[in-house]
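> Just so you know, the protein sequences line up as chains A and B, in that order. Going by our numbering, the first sequence opens with residue 1, and the numbers climb by one from there. Going by our numbering, the second sequence opens with residue 1, and the numbers climb by one from there.
The set of hints was computed from the structure by calculation and includes no laboratory data. One thing to keep in mind: the hints can contain errors.
Said to hold, decoys possible - Computed beta-carbon distance windows for the label pairs: (1) Lys182/B <-> Arg167/A: 21 to 31 angstroms; (2) Phe178/A <-> Tyr15/B: 25 to 35 angstroms; (3) Ala100/A <-> Gly57/B: 49 to 59 angstroms; (4) Asp61/B <-> Leu251/A: 47 to 57 angstroms; (5) Ala99/A <-> Asp105/B: 35 to 45 angstroms; (6) Gly152/A <-> Tyr15/B: 18 to 28 angstroms; (7) Asp105/B <-> Pro115/A: 18 to 28 angstroms; (8) Thr73/A <-> Asp61/B: 51 to 61 angstroms; (9) Leu107/A <-> Met58/B: 25 to 35 angstroms; (10) Thr167/B <-> Ala100/A: 42 to 52 angstroms; (11) Lys156/A <-> Ala2/B: 40 to 50 angstroms; (12) Ala100/A <-> Asp235/B: 44 to 54 angstroms; (13) Thr217/A <-> Ala107/B: 55 to 65 angstroms.
Virtual Cβ for every residue (Gly too), placed ideally from N, Cα, C.
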Amino acid sequence: MKHKSWYLTIGGILTACMLAFTAAGLFWTPYSPTAMSAPDRNAGPSAAHPFGCDQLGRDILSRTLEGAGSTLTIALAVLAVGFVFGLLIGALCGYYGGAADALVMRLCDAIAAFPSVLLALVVLAVIGPGKYNVIGALGVLFIPSFARLVRGEFLKYRDRDFVRSARLMGVSDLRIIFVHILPNTWPTLLSGLTIGFNNAVLGEASMSYLGIGVNPTEPSLGYMLKEAQGFLFTTPWYTAFPAAIVILLILGVGLIGEGVRERMGVAS
Amino acid sequence: MAEPIVRIDHLNSWYGRGKGRRQVLRDVSLKLAPGEVLGIVGESGSGKSTLAKCVLGMVTDIAGTLEVNSPRPQMVFQDPYGSLNPAKTVGWILEEPLRAAGVTDRAERRRRVGELLPLVGLEVGHLARRPAQLSGGQRQRVAIAAALIQGSKLILLDEPVSALDVTLQAQILRLLAELKEKLGLSYLFISHDLAVVYQLCDRVAVMTGGEIVEEGDVDTVYDHPRHPYTKKLLDASLALD
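Looking at chain B on its own, in the form it has when it is part of the complex:
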């Protein structure tokens, strides 16, 4: 097996200091292979977002092994209204990661933005617009493009379609699957929505109370859940359908 892009072994993490310090991750272990999509499912407060922040290096109070073998992993946030700077144009937003990466040549930045646009289903005409002038789906495409433009191979998706309606959800999920194939990406897909996880993910890890209670291939876990919490989650999501 190839070298995993993320390797987490017995990871613990805490929030707060002194008496208010409480543990949010308990003995979490998982691997993400290159080209793989791992879903992390759980209710809010289960620790799944904290796990993502750990991978991004945003949590400092940790113990255990955390290896991320990909430079500068990026994140696509849930709410494309909040993740795009309202004061800037799409063109600026897409060029900014390149500026931060030290691409000082304007023409070069433009060229790279121009190359990426068709891949995420945007047009040159969108570049001069501000986020407020785009639809929710277009915004999420911009957010995805911004996460990809530095060439990151590891992308964390934090409920990337939860703020969209069902038709758009399907479009964005398809786009994410295409991009993964074309660019050789690996995703850590965080969601509370089991149906969405099923569509995109190869494997799934179920989290509750800061622990991973079950992990395995999507089909196996969905068809033969072993842990009572997984069963509960599946029942709840079936009841809604």
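Isolated chain A (complex conformation):
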């Protein structure tokens, strides 16, 4: 195939820019994200405040930088929780099968039957908001989809001759699972990871937008959107910039996923 898609390139560039933006926010912001300044209230974008200021005169660029940092950290943590446990459960279920597999998969079906954001909402309503609770609740709810994806891949490989031959040679089951089969599943898992990352970003933003995510003292992009919605018509920049960051981040990672799927010939 001669045709080389631009998905990976564009997605990579976009994601790199967004990551650089976010990483910068972890170390440096032009102003303190919480410093208020009366004369700058509702100020539009200018040289001093490229993203403008909110109704309290806080610099929106600084807040967006910090918010992107916490959104990204939370999304990555959610992804890590969901992926690690999903991988373990999916790999063991797919490889061994049997009654335990059937039981675990029905449990996953039960969880997956509810919209994950809604379920996380209920969980957070019970255990209370906060960064770690968001990570825990969303992370656990992400496990079934990863488990299912990984399990499907392992089912595909467990009866291949190269796995049988490894068993004959006396290779241990754990080594077969993680060293022999797992590397073959990366293309599929990678594209699953990009989808999961986007869902995690959106999940965190939704939680915070609904006011049950991170605490107000640590701004996230979702929380900023919640604050900004009352001023959509007076200070549209307050909504526009955090929203743009969320969209560009998701777009970039989504394109990478699409590119990976295309290049590896994985059906989406």
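Use these hints to put chain B onto chain A, whose structure you have.
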């Protein structure tokens, strides 16, 4: 006569459980002497692959005597596309059986792989490649090398040349015959292809419906088949030639 490397006496085997349990091997008896090549011929579903799995210890629902006097017998599979891990290099694939056997010294593993390569007609340059970058014949050579590298003396060949074209078939069969002489191997050669069996095997056992219906020297069986099923198989294969 020397102690047989495989001795099977009145072996029965079943698949499935409960009501779905059905017998796949019926009263199978055979012997394989060291250095011998025994062909097992039959159509698909005749039980020949199950017999191989029994020898490898992969079937647990069995009754009868099954003695395998060779540590860790190995198998060469029909399809070299499926039997080599697509995510790994040839070097890794050949070293892995040694790792599994507890050879922790990397240099030692490399040395043993290096020794085996010329025997199977591969070169050092092939080690860094992945299976997808090899031809079908090269892949089957890698699969054979992987089966041999642990030092197993008993090798089960499950249609090892059926996926290859005729020229390659001849090459691989010649290679298998050479390796047998050099390394003192015994083969259990499973095939539906009578012509291929004739080229490599000393004796042949004909299977149908889970039973061995005829067994003997290749020449005797091919020239004077006694069982009607053997005659049918021979006629069918002659009709194709």
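> Give a verdict on every hint.
Each hint tested on the structure:
1. At roughly 27 angstroms, the beta carbons of Lys182/B and Arg167/A sit within the given window of 21 to 31 angstroms.
2. Checking the proposed 25 to 35 angstroms range against Phe178/A and Tyr15/B shows it holds: the Cβ atoms sit about 30 angstroms from each other.
3. As the Cβ distance of Ala100/A to Gly57/B is approximately 24 angstroms, the hint placing it in 49 to 59 angstroms is violated.
4. Taking 47 to 57 angstroms as the suggested C-beta distance range, the pair Asp61/B and Leu251/A conforms, at roughly 56 angstroms.
5. Ala99/A and Asp105/B have their C-beta atoms about 42 angstroms apart, which keeps the hinted 35 to 45 angstroms range intact.
6. The given range of 18 to 28 angstroms is respected by Gly152/A and Tyr15/B, whose C-beta atoms sit roughly 25 angstroms from each other.
7. At roughly 55 angstroms, the beta-carbon separation of Asp105/B and Pro115/A lies outside the given 18 to 28 angstroms, and the hint is violated.
8. Separation of Thr73/A from Asp61/B is about 54 angstroms and conforms to the stated range, judged on CB atoms against 51 to 61 angstroms.
9. Between Leu107/A and Met58/B the Cβ separation comes to about 31 angstroms, which falls inside the hinted range of 25 to 35 angstroms.
10. With their beta carbons about 49 angstroms apart, Thr167/B and Ala100/A fall inside the hinted range of 42 to 52 angstroms.
11. One distance hint, 40 to 50 angstroms for the beta-carbon pair Lys156/A and Ala2/B, holds here, with the actual separation near 44 angstroms.
12. At about 51 angstroms, the beta-carbon gap between Ala100/A and Asp235/B stays in the expected band of 44 to 54 angstroms.
13. Between Thr217/A and Ala107/B the Cβ separation comes to about 58 angstroms, which falls inside the hinted range of 55 to 65 angstroms.
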